[in-house]
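**Student:** Please construct the entire structure, taking both the sequences and the accompanying hints into account.
These protein sequence lines are chains D and H, in that order. Quick note, the first sequence lines up with residues 29 to 227 if you use the working numbering. Quick note, the second sequence lines up with residues 111 to 583 if you use the working numbering.
Take the hints with a grain of salt, since some may be wrong.
[Unchecked claim] Quick list of in silico lysine to aspartate or glutamate cross-link-like pairs, DMTMM-like style, CA-CA up to 20 Å: (1) H:Lys119 <-> H:Glu129; (2) H:Lys119 <-> D:Glu215; (3) H:Lys278 <-> H:Glu392; (4) H:Lys119 <-> H:Glu498; (5) D:Lys45 <-> H:Asp429; (6) H:Lys278 <-> H:Glu367; (7) H:Lys567 <-> H:Glu438; (8) H:Lys119 <-> D:Glu173; (9) H:Lys278 <-> D:Asp222; (10) H:Lys119 <-> H:Asp352; (11) H:Lys354 <-> H:Glu330; (12) H:Lys119 <-> D:Asp222; (13) H:Lys278 <-> H:Glu129; (14) H:Lys354 <-> H:Glu367; (15) H:Lys567 <-> H:Glu498; (16) H:Lys567 <-> H:Glu510; (17) H:Lys119 <-> H:Asp384; (18) H:Lys278 <-> D:Glu219.
Rather than coming from a laboratory, the hints here were simulated on the basis of the structure.
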Amino acid sequence: MDAFTTLTGRVLVLPEKNIDTDQIIPARFLTATSFDGIGEGAFADWRFDAEGNPLDGCVLNEPRAADSPVLVAGHNFGCGSSREHAPRALLGFGFRVVISSEIADIFRSNSQNVGLLPVVLPEEQHLALMAMDGEELTVNLEACEVRTSTGERYPFEIDGFARHCLLEGMDRLDFLLSQEQHITNYEEHHERQDSAAAG
Amino acid sequence: MAPRTLFDKLWDAHLVQAETGDLPAVLYIDLHLVHEVTSPQGFDTLRARGLPVRRADRTLATLDHSTPTTPPDENGERRYYTPQARSQVEQLERNCAEFGVRLEGWDSAQRGIVHVMGPEIGATQPGMTVVCGDSHTATHGAFGALAFGIGTTEVGYVLATQCLMQRKPRSMRITVNGRLGPGVGAKDLILHIIHAIGVGGGTGHVIEYAGEAIEALSMEQRMTVCNMTIEAGARAGMIAPDEKTVEYLRGRPLSPEGRAFDRAAARWMALRSDAGARFDQEVAIDAADIAPTLTWGIDPGMSVPVTATVPAAGSAGVDRALAYMGLEGGKPLLGHPVDIVFVGSCTNGRISDLREAAEVLRDRTVSGGTRMLVVPGSEAVRRQAEAEGLHEVFLAAGAEWREPGCSMCLAMNGDLVPSGQTAVSTSNRNFEGRQGPGARTLLASPLTAAACAVAGKVIDPRGLTGATPREAA
Numbered sequence: 029m030d031a032f033t034t035l036t037g038r039v040l041v042l043p044e045k046n047i048d049t050d051q052i053i054p055a056r057f058l059t060a061t062s063f064d065g066i067g068e069g070a071f072a073d074w075r076f077d078a079e080g081n082p083l084d085g086c087v088l089n090e091p092r093a094a095d096s097p098v099l100v101a102g103h104n105f106g107c108g109s110s111r112e113h114a115p116r117a118l119l120g121f122g123f124r125v126v127i128s129s130e131i132a133d134i135f136r137s138n139s140q141n142v143g144l145l146p147v148v149l150p151e152e153q154h155l156a157l158m159a160m161d162g163e164e165l166t167v168n169l170e171a172c173e174v175r176t177s178t179g180e181r182y183p184f185e186i187d188g189f190a191r192h193c194l195l196e197g198m199d200r201l202d203f204l205l206s207q208e209q210h211i212t213n214y215e216e217h218h219e220r221q222d223s224a225a226a227g
Numbered sequence: 111m112a113p114r115t116l117f118d119k120l121w122d123a124h125l126v127q128a129e130t131g132d133l134p135a136v137l138y139i140d141l142h143l144v145h146e147v148t149s150p151q152g153f154d155t156l157r158a159r160g161l162p163v164r165r166a167d168r169t170l171a172t173l174d175h176s177t178p179t180t181p182p183d184e185n186g187e188r189r190y191y192t193p194q195a196r197s198q199v200e201q202l203e204r205n206c207a208e209f210g211v212r213l214e215g216w217d218s219a220q221r222g223i224v225h226v227m228g229p230e231i232g233a234t235q236p237g238m239t240v241v242c243g244d245s246h247t248a249t250h251g252a253f254g255a256l257a258f259g260i261g262t263t264e265v266g267y268v269l270a271t272q273c274l275m276q277r278k279p280r281s282m283r284i285t286v287n288g289r290l291g292p293g294v295g296a297k298d299l300i301l302h303i304i305h306a307i308g309v310g311g312g313t314g315h316v317i318e319y320a321g322e323a324i325e326a327l328s329m330e331q332r333m334t335v336c337n338m339t340i341e342a343g344a345r346a347g348m349i350a351p352d353e354k355t356v357e358y359l360r361g362r363p364l365s366p367e368g369r370a371f372d373r374a375a376a377r378w379m380a381l382r383s384d385a386g387a388r389f390d391q392e393v394a395i396d397a398a399d400i401a402p403t404l405t406w407g408i409d410p411g412m413s414v415p416v417t418a419t420v421p422a423a424g425s426a427g428v429d430r431a432l433a434y435m436g437l438e439g440g441k442p443l444l445g446h447p448v449d450i451v452f453v454g455s456c457t458n459g460r461i462s463d464l465r466e467a468a469e470v471l472r473d474r475t476v477s478g479g480t481r482m483l484v485v486p487g488s489e490a491v492r493r494q495a496e497a498e499g500l501h502e503v504f505l506a507a508g509a510e511w512r513e514p515g516c517s518m519c520l521a522m523n524g525d526l527v528p529s530g531q532t533a534v535s536t537s538n539r540n541f542e543g544r545q546g547p548g549a550r551t552l553l554a555s556p557l558t559a560a561a562c563a564v565a566g567k568v569i570d571p572r573g574l575t576g577a578t579p580r581e582a583a
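**Tutor:** Dropping the structure here:
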């Protein structure tokens with residue numbers, strides 16, 4: 029995955045609460061066996077009518093959407109299905125950061141695993157950003173803060189290891205593979221216990 | 111040692127490495143369930159790194175999401191909805207063959223929806239950690255397992271290392287006091303709970319369900335409750351094992367046998383929260399407050415008792431939901447016309463669910479303007495239903511009797527609700543477009559769904575089955 033350090037870019041606001049992963053990527057886009065091109069299905073039913081024509085009035089169809097890497101979305105973003113296709117579709121569409129006052133657990137960890145930075149801010153700061161549609165923000169993962177064009181600074185928390193992986197653009201597989209001896213020890217210990225119990 | 115919750119015990123028992131300030135815990139996974147939609151890129155990771163599946167014996171695959179529920183054509187060809195659906199299924203068949211993973215595929219008498227099949231064959235056992243690239247993995251918590259959904263990257267990690275890196279979630283106990291009334295079931299209970307705590311109410315938590323009403327539930331009903339835990343935002347829900355858990359598992363194909371079973375059962379029965387164990391949050395629910403419940407809106411928290419009115423318009427969320435659903439705010443749901451009824455899914459596709467629906471349909475017919483689809487959750491459920499003649503009840507009533515799969519729950523396989531039509535569905539999500547673009551979903555119990563199929567509109571199932579409402583309101 030691509031590393032994320034700091035980014036300055038425009039905000040696109042989707043104010044709806046509880047935007048679920050079926051909205052982000054409808055199930056009919058999940059039949060591929062690779063993630064290539066998954067961005068084309070992002071918010072498909074919000075962007076297009078049944079014939080595939082772009083819907084007027086959908087902010088995601090405005091030309092600026094392609095150049096707005098910061099998605100600010102309503103409370104409890106990414107709820108529902110565990111499909112990793114959701115953060116990947118957002119990345120494919122051009123987002124690099126998603127900011128909300130709450131982000132669903134599985135979506136958050138999936139985002140961290142694929143290089144989309146999830147940022148959770150307190151309600152008041154979230155509300156302030158919801159009013160900044162089209163404005164520029166700086167999201168700095170090294171400093172763990174969001175900075176508005178007027179100089180407001182909103183610090184955010186993120187798990188240290190997730191941050192490290194995002195900053196380095198590395199996945200967790202190498203770390204897990206480095207645990208091999210511990211994993212084997214665990215298995216031997218527990219399987220011995222189980223067979224003793226079974227005997 | 112301080113009193114521990116059931117969740118604490120499961121967590122502690124699976125730590126390959128405890129978490130530190132710098133590093134999440136390395137958590138061992140006992141059972142990895144796999145299906146065709148969320149696994150192909152996980153296997154690609156192995157291929158790219160030249161790695162084997164570390165524990166094929168702890169990995170179990172099935173075909174459920176993209177599979178047709180209609181029988182093969184006259185040439186024996188499966189009628190896939192799209193060529194991609196076929197290639198996705200064939201990819202899992204190839205991946206399982208290449209990496210030595212057991213696949214309950216087309217030729218298996220055990221194939222089924224992953225969360226119906228796992229418990230049914232005894233793969234899911236108390237005390238285990240269970241993961242799957244599927245959010246409804248929470249279902250398996252009904253056995254006192256720590257079970258949760260993961261993304262595809264993590265599917266790759268578990269295939270390669272049998273481990274995940276996790277921060278420990280907080281804990282919540284939901285105690286359901288009293289007993290459910292007549293005509294009120296596990297689905298009504300969980301819809302009520304989701305409404306009570308909100309669709310994000312469980313975020314960051316693992317939920318343990320407890321109390322008299324939970325203890326009174328059968329294992330299949332407990333699975334329905336745990337299944338929809340994710341709809342309240344919690345990754346995992348669990349219920350402490352008891353005699354019902356042990357009896358359910360006795361004699362299952364993958365359960366221990368003989369004396370080994372008795373020893374396992376003794377271990378399982380010890381898996382419960384200690385007296386005095388502290389939960390980060392406690393919620394109390396009174397079972398007597400719960401009526402047959404349906405969703406009216408576009409998330410599983412937007413539900414009302416069947417006899418109530420839907421919320422009045424006036425807030426952005428409610429207005430959007432009313433507009434999408436074609437409902438008028440402040441009006442009763444009763445009498446709302448129903449185009450389609452779907453009985454099935456990992457939430458309500460088990461034999462007890464089918465029996466519940468069949469009981470309503472026996473000597474009755476599905477309303478002329480309504481289409482009803484009954485999809486068993488697995489081959490075993492199908493066989494049992496057919497042995498009991500339930501399929502004949504459904505067919506005689508005018509319903510369709512299909513082959514097992516996820517089907518109309520998420521409409522990946524071509525079983526979909528046409529745009530603008532209203533479905534009463536026993537599945538788990540009423541999100542916009544979930545059952546097909548423009549589909550309008552009312553989530554309900556199998557009992558309510560079958561009653562609505564007979565009436566062709568939303569009705570109180572207690573009127574049809576003779577069960578009287580608790581309150582004469």
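**Student:** Against the structure shown, which of the earlier numbered hints fail to hold, in ascending order?
**Tutor:** 4, 6, 8, 9, 15, 18
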